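S.K.: So the chains spell out like this:
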Amino acid sequence: MTNWNAMSDEEFRQIARKFIEDNYPQKLRYPSKRLRWAEIKDWYFTQSKAGWIAPGWPVEHGGMGLAPGKLIIWVEEQENYGVGRAPDHGLTMIGPTIIQLGSPEQKAQYLPKIITGEHVWGQCYSEPNAGSDLASLRTEAVLDGDHFVVNGQKIWSTLAQDATHLYVLVRTDKNVKKQEGITFLLVDANTPGITIRPIMTIAGDDKFCEVFFDNVRVPAANVIGGVNKGWTVAKTQLGFERIFLGSPKLPQYALGRLEDIAMKIGAFDDALFTDKFTQLKLDVADLNALYRRYTEIVRRGGQLPPDVSMLKVWSTETYARIASLMVEAAGAAGGLDGATDLGGMTEDIMTHYYYARPATIYGGSNEVQRNILSRATLNLPG
Amino acid sequence: MTNWNAMSDEEFRQIARKFIEDNYPQKLRYPSKRLRWAEIKDWYFTQSKAGWIAPGWPVEHGGMGLAPGKLIIWVEEQENYGVGRAPDHGLTMIGPTIIQLGSPEQKAQYLPKIITGEHVWGQCYSEPNAGSDLASLRTEAVLDGDHFVVNGQKIWSTLAQDATHLYVLVRTDKNVKKQEGITFLLVDANTPGITIRPIMTIAGDDKFCEVFFDNVRVPAANVIGGVNKGWTVAKTQLGFERIFLGSPKLPQYALGRLEDIAMKIGAFDDALFTDKFTQLKLDVADLNALYRRYTEIVRRGGQLPPDVSMLKVWSTETYARIASLMVEAAGAAGGLDGATDLGGMTEDIMTHYYYARPATIYGGSNEVQRNILSRATLNLPG
Amino acid sequence: MMSTPAAQVAEDPAEEQRRMLRESALAFAANELKPARMRTLRLQPVQFDRKLWKTMAEMGWTGLMLPEAHGGSALGIADMSAVVEELSRALLPEPLVASAVFAGNLIAHGDNDALKAKLLPALVAGDLIPAVAFQEGLKIDSPVQSRAEAAGKDFVLNGVKSYVRPGAGADGFVVSAKCGDGLGLFWIPAGTTGAELKLERSTDGTDIGTLTLKNVKVGADNVVASAKVGAAAFDRAFNEALIAGSAELLGLMRGALDMTTNYLRTRVQFGKPIGSFQALQHRAVDLYLQQELTAAALVEVARLFEEGGSGDQLNALASRIKARASDAAMQIAREAIQMHGAIGFTDEYDVGFYFKRIVALSAWLGNSAEHRRRYAACSGIGKKT
Amino acid sequence: MMSTPAAQVAEDPAEEQRRMLRESALAFAANELKPARMRTLRLQPVQFDRKLWKTMAEMGWTGLMLPEAHGGSALGIADMSAVVEELSRALLPEPLVASAVFAGNLIAHGDNDALKAKLLPALVAGDLIPAVAFQEGLKIDSPVQSRAEAAGKDFVLNGVKSYVRPGAGADGFVVSAKCGDGLGLFWIPAGTTGAELKLERSTDGTDIGTLTLKNVKVGADNVVASAKVGAAAFDRAFNEALIAGSAELLGLMRGALDMTTNYLRTRVQFGKPIGSFQALQHRAVDLYLQQELTAAALVEVARLFEEGGSGDQLNALASRIKARASDAAMQIAREAIQMHGAIGFTDEYDVGFYFKRIVALSAWLGNSAEHRRRYAACSGIGKKT
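Chains as they are written, first to last, in my numbering: chain A, 1 to 382; chain B, 1 to 382; chain C, 1 to 385; chain D, 1 to 385.
Note that these hints are calculated values from the structure, not bench results. Incorrect hints may appear among the rest.
Label-pair ranges, simulated between beta-carbon atoms [what the hints assert, rightly or not]:
1) V176/A with D144/B: 57 to 63 Å
2) N31/D with N5/A: 44 to 50 Å
3) K264/B with G308/D: 39 to 45 Å
4) P31/A with A36/C: 31 to 37 Å
Here the structure is a predicted model, which is why all the values come from computation and not from measurement. For every residue, glycine included, the Cβ atom is placed at its ideal position computed from N, Cα and C.
Please take these sequences and the hints and turn them into a complete structure.
M.R.: See the structure below:
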């Protein structure tokens, strides 16, 4: 078995790069939309067979056991090549949670099937009336013998229509502080009473879903972390994944597209456009510098300070500014849906402008991030 | 006696313009700083002698009794000519208050001397701990026989060092809701126990003062509007003067200076500068349009809606942006104090940049204005 | 002293007329315009409703600015803007600005009386939907390359015109083309041999067109404006479209901001309406300020435009308002989605229609950057002596 | 899994050294630098303290980057920046960046070893305060018009140099001048015949100079850099000054923002600390974000600069950080005053010193607009093939 961590960083980087170049489908590079399971599953299976699917997991659970520094190299190489994101809630969210908090039976039951791709997981957290204020969720689970009976509605479950399994936050006690009556449940998506309905977005796709629970019976054994301990479980998931919400990937890619377009249509002849572009280029460059500050902490095994929230704010708002300049530079073509002609190249101008909208909303809206920074970093009063 | 209001607007405008051109000192046009009494008093006396000093006051109190429409023409003509603002608290603030709420004795005692310029008034409202939250003021007045004894400290009294008289908000009851224990007092600035200390600002001038009251005895007859009714009195002063806080005068003048500088130093050769300048020019043009909406209401004798607060916000923030662009355009000279050489012309670059700071703070900070607009205009919840 | 509410103050007759126009548009909007229409119309080959258009014509709106000789009301751009604003506020995909203001006025400003007598009454009656095909590059200042070559008394046109609104549903096109040293304007009915229309979907759910002209023959009777008057006619109608288009954007702003402040008042998170959070309050105030700056500037621009002036002055006025309206609307559109949170990004919630229509109309006829540049050029910025 | 606090993680030796430099600067600042100094110094003919400068020299800071051969420590720009940042955070009018980094390095990058041996040890010892006189127009890209004409082995200089920092208190000037086809650099001691220094007050309370040269004779022994190497030496030292100058701005940001957040925590209005108002909180967060972007970019720029590269690459790096630092600092300065309310506008409150020093140093060596332009030119924006 390869001891990846014994390699030099550079050696590992070369191997990772070659693996991606040899296996990742050319036509899926830099996808402009989130890929569905049907589109990306072959890449998932390829990684799985090669043993690369869970680089951060311990070896005993089928992972590569990469040290944080190596893991970041792996992420960087994927980003540089434009590797699309597969439905990865199993790998990045629920798998690590089960490894950390699951029973031996849960580990045996679920982990191998995440590795093989047999199970595809979806997250059910938000509700129509519990968005930024997640802890006020109301989907209810009542114990009935050795099952919980779940009733309620979840929303904004990314790609839940592709999921075989769902992890769900439910209310199991209404008579305590709202954070203390929440339980974390694992649910087979095929259980009777579950309806998954994709939500059409203004961008014309359906990557988000509503999930309805109507007397859904879930074995009580499917609780993780203990009854009424679900809020704590959900919070342990906020590990260094928080960094990746602020990855420079998206703004960097969008800036590259903007640069190509601008070259084609001669926008750089205009000093005003050039200055705006330069500002954005510096915004992305400095985002990269800030990102590196935190990946460096992870690489060394340190703990992330709360101000890592800055990354998400700056990354998503820079992305939004780039999308705006793209629309502006496109002039009359700035209001067109789908691919259109721009100085001889075909480009979908509006995609970035659309996706810049939820970017500043999901993963904790930028307003909530600023609240956190205000309190945790600047120590401003509640 | 001339019946000004019977004239056509155009006729009145011509007369007003001629009066200003004939009498206002050339060297005081478009002053870059607030003028002191010693500098501007001759102009005050000139207006007084000609009967022009109190255009908005009723004729019986020595005014011209101008209708609102004519009054606005008078203001416009002053602004167009660059007439500096004399210490005018007597004319615009306390005079109208005495006319509306004063006793016959108070009217006889104070109004004629405002007209002649014998009395110069200063305002004592803010305190070190009562800025945006004015109603929390603590300067105390305790009745002792037929006098109030005043103790406390006031601050941000504009040009109080030139005042012969002060109007002061004091606390006369500590045991009621904070707005209901405030009294409005008229105070002779020469009363023993009053110390007026100019405050040096970062702009290097001293137009604001601190005023200290140490056992200052004020006749109880000097109350306006009744004991504990001072908050109501202060609010009646917020008549259509509120418009003038949002006058386009200052940004318009600063934009003119910026344009002159830009021509001299060739800044318009730079498309980036030209676009920034154009944006500001449109910001000022549209401020003028918005300003006209409200002056039109006044001209017709209507009541100002609460969203007139927008004017102050937009005017002062546009002014601040103009000042910033001026500093930017000046390059290395952007950080110099006092007059410096700019392409052969001499200009004090920093003055506008300095004065843009208090502009967004005084007269109700722009934060407070936004709070008002949020509640009174958008009906957003408290 | 000043206790009379503004509404009780005497109006002048022009204002009273404008208020009445506004009220009839409001009443019409309340009865006829529902956001749900947008979901149905966008699935159809023509994304507006010709029956409704006919009703609008009966209200007098398609002919509001057209000469009385041809059945119009000969009113000004301020009146037209009032109607457009109120209808747009309730989401109107029908091409009132594109067809009635831009194309209609362009025909009226031309020098072919016989053609006017043929086309304008049909437009007034709601039986004709014309479009203007003028743009040839991404920017409004891209030079016209299309050419009209004289062939006897007729002309032969070649060229490509893009971003034509409406595309789907237009009965014909007023096409600009170089004609000798000047600019000629030509009427080309839809389906004319050699005139091929390709449709693209605009983000607002309507199809706009690219019109390719290959040796298209235009008879003298279909010359909208000769090269002598074409450029001036075009500028005037373009400026009118810019002003009315700004009114359309203002209506959209009002609609989007109303929805948003209403949401802020009612959506509860953390135990309070989210509109009680000061950061959102201050941002909402800034949006309102931009909206009202646009409204005040629109009143002033329309008034000054009607007073007249040099070509440069009128161009500057029209560009001033389009720059403000486009910027203000785009800011409001983005913030409307952000303040709604995730729900605003769903197709089933109506605020997205405002967002999309604003993006489309801010770009149409030139975005804010283009119009600041045009304003600067026409108002002589940097040229002061 | 990741519970080790960052501070407990092993440092590499270079980082440890930088941390120690930072700590000694912090300790010095705590003992020696008080805002009250600024009120006294600005009234004096020279607005910094030569005695304190001597102490700074003893700390090793004036020679930190200078060659060991001349008594310096030969450390890099990252180390220098760490010291500058911590001192500046406590308000330092002494010309560490202007004299030690810009002028000192410029002399060191020249090709006159004898002159280095004369000037650099004096700078290291704190006995010499040199300034660079390079700028001739409002902008850093204004062309150099000053000329150095050869007269045998000597030179005669004519020209006018503006915005020289420090003006008051400088012992001599490194002057750039066209010299044949190249750029020469010349050492002109203060008081040299024909070299007239006129002082102007900078907003930060120091006097900067305009140096007028009329037939000033410079001997060959005072040629800092011949025309062969002058331009390259200048660019390198200028870039180093930009980076250290950005560190100086970063220190000022930290000082101003610390004061401001502290005020927000303690100032009570409407019965609450004003820092509990969400609109102010979010704005304060945005300031912090700008500060930390600057800090992160500074670390990266200094590291890449030390790794080396082409002239264009190094210019782009230095301009990148000066653009960010100037913009971020100006935003923080304005908001610091606004959030303090009226008290922040008074001379007796210290935040104004940060405000003024930020305005002065953002403009010095080129403001953000100038450096974005330089960055664009040097990084080939719009030139991709």
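S.K.: Work down the list of hints and note, for each, if the structure agrees.
M.R.: Results for each hint:
Between V176/A and D144/B the C-beta distance comes to about 59 Å, which sits within the given range of 57 to 63 Å. At about 47 Å, the CB distance of N31/D to N5/A agrees with the hint of 44 to 50 Å. Roughly 42 Å separates the CB atoms of K264/B and G308/D, a value that falls within the hinted 39 to 45 Å. The hinted window of 31 to 37 Å between P31/A and A36/C holds, with their beta carbons roughly 33 Å apart.
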